[in-house]
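**Q** Could you build all of it, start to finish, from the sequences and the hints given here?
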Amino acid sequence: MTIGARTLRGAVGVAGFLAAAEAAIRTGLLDARLLPPPSVVLREAALLPADPVFTAGLTGTVSRWLGGLALAIALAVPLGVLLGSLPGVERATRPLLEFLRPIPSVALIPLAILLVPDDFLMKVSVIVYASLWPILINTVYGLREVDPLAKDSLRAFGFGRASVLLRVSLPSTAPFIVTGVRLSAGIALVLAVSAELLAGGAEGLGVFVIRAGSGNRTDLMLAAVLWAGLGGMACNAALVAAERRVFRWHHLRSGVAS
Amino acid sequence: MTIGARTLRGAVGVAGFLAAAEAAIRTGLLDARLLPPPSVVLREAALLPADPVFTAGLTGTVSRWLGGLALAIALAVPLGVLLGSLPGVERATRPLLEFLRPIPSVALIPLAILLVPDDFLMKVSVIVYASLWPILINTVYGLREVDPLAKDSLRAFGFGRASVLLRVSLPSTAPFIVTGVRLSAGIALVLAVSAELLAGGAEGLGVFVIRAGSGNRTDLMLAAVLWAGLGGMACNAALVAAERRVFRWHHLRSGVAS
Amino acid sequence: MLKVDNLAHAYGSHHVLDGVDLTVGDGELVSVVGPSGCGKSTLLRSIAGLVRPAAGQVLINGVPVAQTPDDLAVVFQDYSRSLFPWMSAAANVALPLRRKGLSRRERRDAARAALEQVGLGGAAGKYPFEMSGGMQQRVAIARALAFRPALLLMDEPFASVDAQTREELEDLLLAVRATHNMSILLITHDIDESVYVGDRVVVLTRAPARVVQDLAVDLPFPRDQIATRELEAFVRLRAEVGKLVRGRPVDKESQ
Amino acid sequence: MLKVDNLAHAYGSHHVLDGVDLTVGDGELVSVVGPSGCGKSTLLRSIAGLVRPAAGQVLINGVPVAQTPDDLAVVFQDYSRSLFPWMSAAANVALPLRRKGLSRRERRDAARAALEQVGLGGAAGKYPFEMSGGMQQRVAIARALAFRPALLLMDEPFASVDAQTREELEDLLLAVRATHNMSILLITHDIDESVYVGDRVVVLTRAPARVVQDLAVDLPFPRDQIATRELEAFVRLRAEVGKLVRGRPVDKESQ
Amino acid sequence: GGGSTDSMKAAANNGLEKTKLKVGAIPIPDPAALYIANTKGFFKEEGLTIEPVTIQGGAVAVNSLKSEILDISQTNYVSTFSAVSKGEKLKLIADAYQAGPNTFVLMVPKNSPIQTPADLKGKTIAVNTFNNIGTLAVTATLKVAGLTKDDVTFKEFQFPQMAAALTTGQVDAAWMTEPFITVTQSDLGTRKLVDTMSGQTANFPIAGWMTTEEFAKNNPKTLAAFQRALARGQEIAAKDRKEVEAIVPTYTSIKKETAAVITLGTFPTTLNETRLQRVADLMAEYGILTGKLDVTTLLAPQPAATP
Ligand SMILES: Nc1ncnc2c1ncn2[C@@H]1O[C@H](COP(=O)(O)OP(=O)(O)OP(=O)(O)O)[C@@H](O)[C@H]1O
Ligand SMILES: Nc1ncnc2c1ncn2[C@@H]1O[C@H](COP(=O)(O)OP(=O)(O)OP(=O)(O)O)[C@@H](O)[C@H]1O
Ligand SMILES: [Mg+2]
Ligand SMILES: [Mg+2]
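Residue numbers (this note's numbering), protein chains in the order written: chain A, 1 to 258; chain B, 1 to 258; chain C, 1 to 255; chain D, 1 to 255; chain E, 1 to 307.
Just so you know, these hints were derived from the structure itself, not from any lab.
This structure is a prediction, so every number in the text was calculated from the model and none was measured.
Ideal Cβ placement from N, Cα and C applies to all residues, glycine included.
Check each hint, because a few of them may be wrong.
As the list claims (entries may be wrong) - Just the calculated beta-carbon pair ranges, DEER-fashion:
no.: 1; chain 1: B; residue 1: R43; chain 2: A; residue 2: A19; range: 50 to 60 Å
no.: 2; chain 1: B; residue 1: V246; chain 2: D; residue 2: D224; range: 15 to 25 Å
no.: 3; chain 1: B; residue 1: A23; chain 2: E; residue 2: T270; range: 41 to 51 Å
no.: 4; chain 1: B; residue 1: R161; chain 2: E; residue 2: E257; range: 53 to 63 Å
no.: 5; chain 1: C; residue 1: L102; chain 2: D; residue 2: A233; range: 52 to 62 Å
no.: 6; chain 1: B; residue 1: V89; chain 2: C; residue 2: D70; range: 20 to 30 Å
no.: 7; chain 1: C; residue 1: G101; chain 2: D; residue 2: A91; range: 23 to 33 Å
no.: 8; chain 1: C; residue 1: G101; chain 2: B; residue 2: V89; range: 23 to 33 Å
no.: 9; chain 1: B; residue 1: G160; chain 2: A; residue 2: R245; range: 33 to 43 Å
no.: 10; chain 1: C; residue 1: S13; chain 2: D; residue 2: A233; range: 24 to 34 Å
no.: 11; chain 1: D; residue 1: A91; chain 2: C; residue 2: S13; range: 53 to 63 Å
Said to hold, decoys possible - A few chain B residues facing chain C, derived, Cβ under 10 Å:
no.: 12; residue: S85
no.: 13; residue: P87
no.: 14; residue: G88
no.: 15; residue: E145
no.: 16; residue: D147
no.: 17; residue: S153
no.: 18; residue: R155
no.: 19; residue: F157
no.: 20; residue: A162
no.: 21; residue: L165
no.: 22; residue: R167
no.: 23; residue: V168
no.: 24; residue: P171
no.: 25; residue: W227
no.: 26; residue: R245
no.: 27; residue: W249
**A** Structure (structure tokens):
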């Protein structure tokens, strides 16, 4: 399937979804006074890029999102590799990590505000905290799935632990790490917006949503959320494209088999 | 390593972490006015089970958490299997899913309130929405990783798509699905608390946290958060134990090789 | 039973099969030999419906097969990856028998019996990764035999077992074939073996593969590892197959 | 070069090696034969430092090995899983050469040359899953040869290739050994092969494995596929190894 | 007044400790004066640069002040007094907003059987936050009808979600403020049940500006400059509704049309301790504060009248 056809199919899917929602509202299945129909939201969304407040907010949110995601990757992959390749360390730290993981970052925001006296860093650290886990856990478990014989093959040539990790375990785990990154990207975006919603800020998508909310402008709020969705979609598309290039063998093999 | 030894090691890890935090605060490395020392938090946490407001809140939150998680599993695994085994459908729906995924559940709460006019169900649906993704995505990608030859082996005996899925693809993907469930369990708990923080309600851990947070009781807040962490830890331990039983072969194989 | 009609296949621009014709009669055992990489496994996968050939067709009992034919069993060349690592040897062998509508008990008994036949009665409870290469390969053979298919496709099934076990398995194959009237297509690199077990030996050229020769093996039954191999006809056939396989100089670049 | 001293190993309660003694001299090629599941692969893995034996020791040039010895290459029995699926054949072969401190270009050239030697000059760019079983196995051989190890361990390296290729590879092995003075331990199920390539043939019992016999092969060099195999000494040795392998009745239950 | 030369002089003369201030404000009409003063350049003239930061509520703002993410923040008095009673060290800088008639009302669905506050017995009421102005005002209103807060159930909903909660029957009544009152009235036909800002709560002080004790101590001159400029904005807001209508849509999402019709409270020009003490006393009466709180200790020094 060409890229064009794929885009088309995707667009049809999204359009279908929106049309269904529109129909539900227009036919009174959902109360139009409480929920603006997609057509209205789409119109508002189309107008938003002309609003400097919105674009400044979007830029800010995206920079914190991507910054946080980058930091999460930079922390979680090495940590995951460490834990995945040293089962003893993994077992010893597991309770601590599993204790930290379900702590809601949202609940930590008041604390984060106290501890990190810089708005940007505060939000980024909340994002990092929440989006670390999928990468970390997928890395640890992906490493466990590596075929032992593949590792032995390189060890037999006298390569040390580090080389085996770098040249066998990591490449073979890479698809799962990327899946973790894709999950984390979504979570990071959710947190980028949520942190702004809770902590406020000079600009940001979440700040925009606060304003829309206190102005009773559900249409504007959903329009902003729509842009968040588009941002997530774009990021994911980029990751999938990267995946396709880097793991060409993987797609080839699956393709041949199916 | 016996279960006892494992528990001990874990306890040592957590204790070390707490001791380090305590030391940092006592020596003035961290500002005691900003962050109460762990000893204080622990004492508060120990007292909490005696507080009926807290226990009612905990019960409510845990029931919504586990209910949401169960529903997320029940939805995401079949959906993931569907998308993972029908690449055409997957490609067509991917943009829609990737559009929906990064939409902050926080932003969806207004919608949820409107669509689900029941507090319990509303919160559960927010939990489901957020915790669906790790299971879904890990399932889809796990299915892609299944060795094509393993599938062919069963197909050659005349087994249909459904049987191959059930008997080869699913068992071989199971470790990744469980990893997804573990991730989702954490996220579901985060959302169970966050939904209360954002949508309010009568009781819940989140409600407790808000009150403690707004009342300058960081110690109480952290004590409540500590219980959330403990809950997540317990759930994870249960999942890991189940994993160990079900995927015995997997642990044996890795154990033998390392 | 099986008729392969002018089958052709290419992976991308790489032509592998170039009009292969082949038949396996009811209850017949046909050996296929040919150089490494010539397309034997591809041929087998096409018959099993796992590869859709670019041209030509496969007929089973006169009916063209689109999907995997019914009542078929395959022993793959890459036996280790064709076993399910999360199942014991016995469970691996028993699994396909679900298609046969057997009860749990019947499946278990059939699996045990088949494992006994290949000399693995004591290893029924072992997981694949706990077994040696040759043991894994024998599990794959037992799985196919337990299924009692009408058509059995085997891709170098004895490559990883020692000489004596190999001979035992060859004789087992002949015995099973005789008892259950299976039709068998056996791909092998061992020229002696191709003649010893075969009713016919089909020799393929290097890729893109075509049939060079379809030789009838007129050796008496029952065959015997020592007596049959000493027959003059055996020695002659073996030499002939050997010459046919070596027939053309192998163009190494194209493999 | 290599000295295996009273090596014993068990997987859980299952005893596999029971005091194996073995030596491979400098530049010597020793064949090992034995029944399927007797512990040959376990022996090889112990020598390579991938399995820590329960008792006994492995000495290389007199020094006991704890980890993987330096300057070693292994061709695994399960070749398909020992290749890295994300790399082309050439990249797979070139990878271990990083240990040798070769430049990128040198690695690439060495990989190409080794692939040529095993008849895969044209398949350098293919991924493992795009190759036939025999081709994959030859990539694994090329990878080991390109490394030019002092000690080469091979576990049924020619099991998946056709008769002619097999003979070519046997001769290649002898040639490489002669040129680079490698010491080689070759596990094989083919009795003819064990004699044809070996300086000595070591015969193992069924599990738990012990050495039944360590036979010197006093056939002249250079060996020749037709002439050597016609020698009376060859026929005698081959029969002797055959008899030793079959020596005891195989207790099927215990495998 | 003065031009840019004046402002430079002011900065030099006053020796401001800090010239850039991050000020938290909620996107509702209450902090209008801040934006008016900023747009009109009053802060510039004092040598200050203001960065308005949108916040959602006062609770996190206290933390933001403590960690100096914010220097000054809007707050509501009830929250501030609660926080102070629990040990937070805060100072009130200026008043911002005071309730007027019909600025905070209880709304019920169009055809609700609830006709008087007495009908609320046993019903569920939506408020934006527990133990805050909402519960306080509603409890005071219930008292008039002979009910206590134990006769009703409070549920937390954010203002934007109250309309949905009302229509879907999750609550029987909702405590709303502008612009939600106007919008739900016109869109959904909801009905005003009772004005909660009357009697005990008539002209109730709602919002003001706060900072930490520490900041107030270390930056007296800056704070005075801020107060002066803000007071000029507040004068305008207090006198001229048109100015408020014009500024509100610039920092909120309230539409111009809506801003023109919503009911507004008043913008007090002085920070009056007697009025504020009323809030603390009422809180004590209804159990939101456990003891008496003397608000005079919380007031930052007030600047001399604007020159
Ligand atoms: N999935 C694939 N994609 C691309 N090329 C392939 C694929 N599978 C096989 N080939 C190519 O097709 C040719 C024939 O492969 P096949 O496996 O059928 O050979 P074979 O006769 O079974 O060889 P061997 O005896 O070595 O197993 C080889 O040249 C191989 O490179
Ligand atoms: N990882 C393992 N765990 C448990 N048992 C094992 C394991 N690996 C091998 N075994 C057992 O050890 C015995 C010897 O295995 P090994 O692979 O060494 O045999 P082998 O001589 O190489 O056989 P083959 O010729 O069939 O390859 C077998 O009985 C096998 O079941
Ligand atoms: Mg093949
Ligand atoms: Mg072996």
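**Q** So which hints don't hold here, by number, going up?
**A** 2, 7, 10, 11, 12, 13, 14, 15, 20, 21, 25 and 26
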